[in-house]
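Q: If you want the building blocks of each chain, they are given just below.
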Amino acid sequence: MESPLTAVVVDDHPAVRAGVAHWLGSGTPPITVVAGGEDVRVAWIGEGADADVVILDLHLGGPTPALGDLRRLVEAGRRVVVYSMRADDETALTCLELGALCYLTKAEGADHLVEATRAAGRGDPYTPPSLAGALAGDRSDHRPALSARETEVLVEWFQSESKDFVAQRLGITASTVNSHLERIRIKYAQIGREAPTKAALVARAIQDGLIGVDDL
Amino acid sequence: MADLPPDVRLFANTRIVLVGVTAVVQVGICASPLLLHQADYRPAWAENVAFGVLALVTAVCAAWLVRREPLPAVVAGGGAVVVLAASAVATAALPADGYFLDVHWSFGLVGWHLLVLLVDRIGPLVVALGLHIATSVTQFVLVGDHDRVEVGDAGVVVLSVLGFQSAIVVITLVLRRQTRLAVRVAADRDRTATRAALAEQWERDRRLTFAGQLGATLPLLVGLADRTLDPRDEETRRRCALAGTQLRRLFAENDDVPDPLVHEVRACVDAAERRGIEVSLAVSGTAVPVPTVVRRELTGPLVVALSQTLTRARVSVLRTENEVRVAVLADTASAEGIARASPLVRVECGTYGTRTRTEARWSHP
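Protein chains in written order, with my numbering: chain A, 1 to 216; chain B, 217 to 581.
Simulated from the structure, these hints should not be mistaken for lab results.
Where a beta carbon is used, it is the ideal one built from N, C-alpha and C, also for glycine.
Any given hint could turn out to be false.
Claimed, not checked - Cut-off 20 Å, straight-line C-alpha distance, at most; resulting in silico cross-link-like pairs (SDA-like, lysine to any residue): (1) A:Lys187 to A:Gly171; (2) A:Lys163 to B:Glu537; (3) A:Lys106 to A:Ala15; (4) A:Lys187 to B:Glu537; (5) A:Lys106 to B:Ser496; (6) A:Lys106 to A:Ser175; (7) A:Lys163 to B:Tyr568; (8) A:Lys106 to B:Gly566; (9) A:Lys187 to B:Gly569; (10) A:Lys106 to B:Gly569; (11) A:Lys106 to A:Gly37; (12) A:Lys163 to B:Arg528; (13) A:Lys187 to A:Arg169; (14) A:Lys106 to B:Leu497; (15) A:Lys106 to B:Ala301; (16) A:Lys163 to B:Arg571; (17) A:Lys187 to A:Arg204; (18) A:Lys163 to A:Ala148; (19) A:Lys163 to B:Ser496; (20) A:Lys187 to A:Arg149; (21) A:Lys163 to B:Thr570; (22) A:Lys163 to A:Gly192; (23) A:Lys187 to B:Val319; (24) A:Lys163 to B:Asp547; (25) A:Lys106 to B:Glu537; (26) A:Lys163 to B:Gly569.
Stated by the list, open to error - Covered stretches of chain B (chain A as the covering partner; in silico rule of three or more C-beta atoms under 8 Å from a C-beta of chain A): (27) 242-253; (28) 276-289; (29) 393-401; (30) 521-534.
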């Protein structure tokens with residue numbers, strides 16, 4: 001049995017930190033929040049430095065998003081779940097490009113946070129509905145080419161917030177929905193600046209046979 | 217004919233009368249002295265040629281008149297020169313004592329010809345008539361000594377012919393001015409009438425659109441007022457929910473906001489939340505301009521779906537590269553009436569277990 005998953009929460013609101021710790025602690029198996037604080041330093045020193053996952057609020061008391069902190073964490077090989085007040089597509093896409101494994105809005109609730117943290121613990125991406133919407137609405141020039149089915153999955157997931165519903169609608173299984181979402185994230189991991197998390201993601205996708213070397 | 221300007225029509229009609237008068241004068245009044253005095257002319261053939269030429273000019277004018285077309289400038293000008301020349305020739309061939317008497321048949325007739333040719337060109341007409349009088353008088357003076365009686369008689373003839381023909385010119389001028397005035401007045405009246413009709417149409421359209429957008433509200437209010445509807449009834453409450461949501465959306469429609477579609481969707485969501493429905497709203501993609509009519513069609517199914525929602529709904533607005541998609545997934549009492557045929561947007565509605573999914577899609581340019 002693996003050691004339990006650990007996380008560090010960086011958020012300027014104590015209530016949010018407490019809430020996140022509670023949500024993560026009540027899952028099965030529970031995720032232990034080893035450190036928390038309003039400053040990103042907690043993720044670099046003490047117990048926070050060894051936590052498996054960093055849950056990072058992008059707006060730490062200022063109007064400018066803490067993209068620099070995100071970049072430094074990712075470059076150090078940390079697995080980051082961005083947890084933000086704002087459902088702003090552009091920021092979400094930037095965070096993905098920097099190497100965050102998930103961009104989650106605070107409106108999206110406990111289930112998504114727990115799932116995103118678990119996935120990040122394994123080094124996997126997680127795509128919550130709002131992020132799926134951002135990807136579906138992405139009109140940037142360098143966006144990866146998605147298949148019609150992948151786009152459909154993104155849109156349906158964004159619209160319904162339920163993978164079972166998407167599966168029912170499209171006549172596929174929930175796990176196929178997941179693998180479509182994962183493939184999309186791998187496509188996104190291949191664009192933009194390099195990051196250890198993104199490289200690991202692509203490497204593992206090749207190992208698992210999710211994509212071929214030819215697709216690169 | 218009908219699309220000719222009124223003053224052109226006036227001149228066409230005047231000219232037809234003038235041609236008739238000219239023909240009658242030439243045949244009825246001038247022909248008999250010409251035939252009667254063949255022996256007095258020096259020579260007679262000059263008079264006959266002049267008569268023929270004048271008749272020809274009348275016939276040529278008639279060619280345009282039957283089509284009610286104005287005479288071309290070349291025809292009018294050339295005709296006037298030919299007529300004046302014919303007049304000079306006819307006058308030159310007169311016996312010395314015949315000036316301005318019945319033997320001088322061409323004097324009055326030429327005036328009529330000039331009127332036919334130049335009635336719509338007043339300046340040239342006055343000049344041509346003046347030339348005609350001047351030439352005839354000059355020829356009269358040159359032909360020899362005249363006693364006072366002769367000069368007096370000639371003056372009377374000249375003045376009477378001139379007076380009659382000038383009167384026609386003046387009448388035509390007055391008529392033309394009246395016609396132009398009438399045209400202007402009529403145009404003004406038409407413009408006013410058009411404006412009034414447009415305003416009325418706009419008002420009617422507005423009423424219709426408003427009534428259309430108010431949708432279920434008016435009959436509902438009437439039903440409540442008449443007590444034919446019971447507010448405790450579930451169906452009545454559902455109709456109230458629909459009317460309330462429609463009104464909220466309608467009020468949001470004319471607000472000046474950067475993203476009107478999302479603003480209207482939010483208004484619908486807000487109306488549903490006030491009824492205790494738990495709604496999660498998600499918006500993605502960059503805003504694109506959506507025309508008002510399309511926004512109405514995009515939000516129409518949403519309004520109905522939300523009004524039928526029992527407890528919770530997921531509403532989403534997605535703008536992709538070529539589409540705007542407004543979707544709602546909700547537990548509804550029934551999916552009835554949510555999807556309506558729309559020429560502008562594609563509406564899809566389906567029930568999955570307890571949930572109804574509705575989506576309106578619009579392909580933007």
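Q: Kindly indicate which numbered hints from before are broken by the structure, ordering the numbers from low to high.
A: 1, 2, 6, 8, 9, 10, 13, 15, 22, 23, 25, 27, 28, 29
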